Amino acid sequence: MVIKGLQSGYGIGQAFPASGGKGAKPASIAEGTGKFLGELVNKVNDLQMNADKEIQKLSTGESKGLHEVMLAMEKSGVSFQFLTQVRNKALDAYQEIMRMQV
Amino acid sequence: MDFFTSLDISSSAMSAERTRMNLISSNLANANSTRSVDGGGPYKRKDAVFTATPLAGSFSNAMNQANRGLARVDVTGIVEDSTSPRIQYDPTHPDADAKGYVSLPNVNVIEEMADMISATRTYEANVTAAQAAKSMALKTLELGR
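Chains as they are written, first to last, in the numbering used here: chain G, 1 to 102; chain E, 1001 to 1145.
Same shape as in the complex, but just chain G (with noise of 0.2 angstroms):
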């Protein structure tokens, strides 16, 4: 009897594709995770960088809406925020596999 390896199984992988699109699947849980992850800290990091800016653009006095600074600084707290949930839930997974008995 084979025992197929958690690499074709079903899981976060399957839950998030790496790269959009339902033909491509990613070549193992645990690269389509990373590969997710990456892009979605990376996005973030994004949102976080463009409110720094904003901040730096009304103190220089570049920019005067104050308005669209604190939005981007929203926009940054509230994905930051689905990160951590993602983050969390992911390693709430893994410490639930880690704690099973074999």
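It cannot be assumed that every hint is accurate.
Reference listing, derived: stretches of chain E covered by chain G, where coverage requires no fewer than 3 residues with Cβ under 8 angstroms from a Cβ of chain G [as the list claims (entries may be wrong)]:
id, segment
1, 1095 to 1104
2, 1134 to 1141
Once the Cα atoms are required to be at most 27 angstroms apart in a straight line, the calculated DSS-like pairs of lysine-lysine come out as [unchecked claim]:
id, chain 1, residue 1, chain 2, residue 2
3, G, 53, G, 43
4, G, 35, G, 89
5, E, 1044, G, 64
6, G, 89, G, 43
7, E, 1134, G, 89
8, G, 64, E, 1046
9, G, 89, E, 1044
10, G, 57, G, 43
11, G, 53, G, 64
12, E, 1099, E, 1044
13, E, 1139, G, 43
14, G, 43, E, 1044
15, E, 1134, G, 57
16, E, 1046, G, 53
17, G, 64, G, 43
18, E, 1134, G, 64
Using C-beta positions, here's what the derived DEER-type ranges look like [unchecked claim]:
id, chain 1, residue 1, chain 2, residue 2, range
19, G, 64, E, 1035, 19 to 29 angstroms
20, G, 59, E, 1077, 36 to 46 angstroms
21, E, 1077, G, 62, 21 to 31 angstroms
22, G, 64, E, 1051, 32 to 42 angstroms
23, G, 39, E, 1111, 49 to 59 angstroms
24, E, 1114, G, 62, 27 to 37 angstroms
Treat the hints as calculated values from the structure; they're not laboratory data. Values in this document were obtained by computation on a predicted structure and should not be read as measured data. Positions of the beta carbon are idealized from the N, C-alpha and C atoms, including for glycine.
Model the placement of chain E on the given structure of chain G, informed by the hints.
Same frame as chain G, now just chain E:
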């Protein structure tokens, strides 16, 4: 993320209302200005023209049924009020004409105050809309807790 869309729309409205508020400040500040820098008579009341612009975005965004019909607001022009200036008899005024009449700006301070309340309230409404969009997103994140 899609809740950004509503934040962007609220942001455009806040920018527009801010422009309007600037114009109201300008009108109130110049309610008694009898000269212009270019030498052309008294100050003329200014007003902003708002235009609903379809939300420009990525192609997939445009194709998305849920995003169709959404519009942000843009200030597409600042127009001068062409009503005639207020005429007041004041022979001692340096800008009085030969008969002693002065042309004052066509700014009605009471009207400007009413416009100001409208601009402030609209701004507040948009801030509330942005806050609501944000709290909806945060509530969704609570699903995972």
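Given the hint that residue 1044 of chain E pairs with residue 64 of chain G, test it: the Cα-Cα distance must not exceed 27 angstroms.
holds, 26 angstroms
Is it true that the CA of residue 89 of chain G sits at most 27 angstroms from the CA of residue 1044 of chain E?
violated, 61 angstroms
Can you confirm whether the C-alpha distance between residue 1139 of chain E and residue 43 of chain G stays at or below 27 angstroms?
holds, 21 angstroms
Taking 32 to 42 angstroms as the stated bounds, is the beta-carbon spacing between residue 64 of chain G and residue 1051 of chain E within them?
violated, 22 angstroms
Taken at face value, is the distance from the CA of residue 64 of chain G to the CA of residue 1134 of chain E at most 27 angstroms?
holds, 23 angstroms
At least three residues with a C-beta closer than 8 angstroms to a C-beta of chain G: is that true for the segment 1095 to 1104 of chain E?
It is violated: at least three residues are needed, and the segment 1095 to 1104 of chain E offers just 0 whose Cβ sits closer than 8 angstroms to chain G.
With the threshold set at 27 angstroms, check whether the alpha-carbon distance from residue 57 of chain G to residue 43 of chain G stays at or below it.
holds, 21 angstroms
Cβ distance range 49 to 59 angstroms for residue 39 of chain G and residue 1111 of chain E, holds or violated:
holds, 53 angstroms
Straight-line Cα separation of residue 64 of chain G and residue 43 of chain G no greater than 27 angstroms?
holds, 26 angstroms
Could you grab the alpha-carbon distance between residue 53 of chain G and residue 43 of chain G and see if it respects the 27 angstroms cut-off?
Holds - the C-alpha atoms of residue 43 of chain G and residue 53 of chain G are around 15 angstroms apart, at most 27 angstroms.
Residue count check for the segment 1134 to 1141 of chain E against chain G: does it reach three with CB-CB under 8 angstroms?
holds (count 4)
Check the following: the C-beta atoms of residue 1077 of chain E and residue 62 of chain G are separated by a distance inside 21 to 31 angstroms.
Cβ of residue 1077 of chain E to Cβ of residue 62 of chain G: about 24 angstroms, so the range 21 to 31 angstroms holds.
Checked against the numbered hints listed earlier, the structure breaks hints 1, 9, 14, 16, 20 and 22; every other hint is satisfied.
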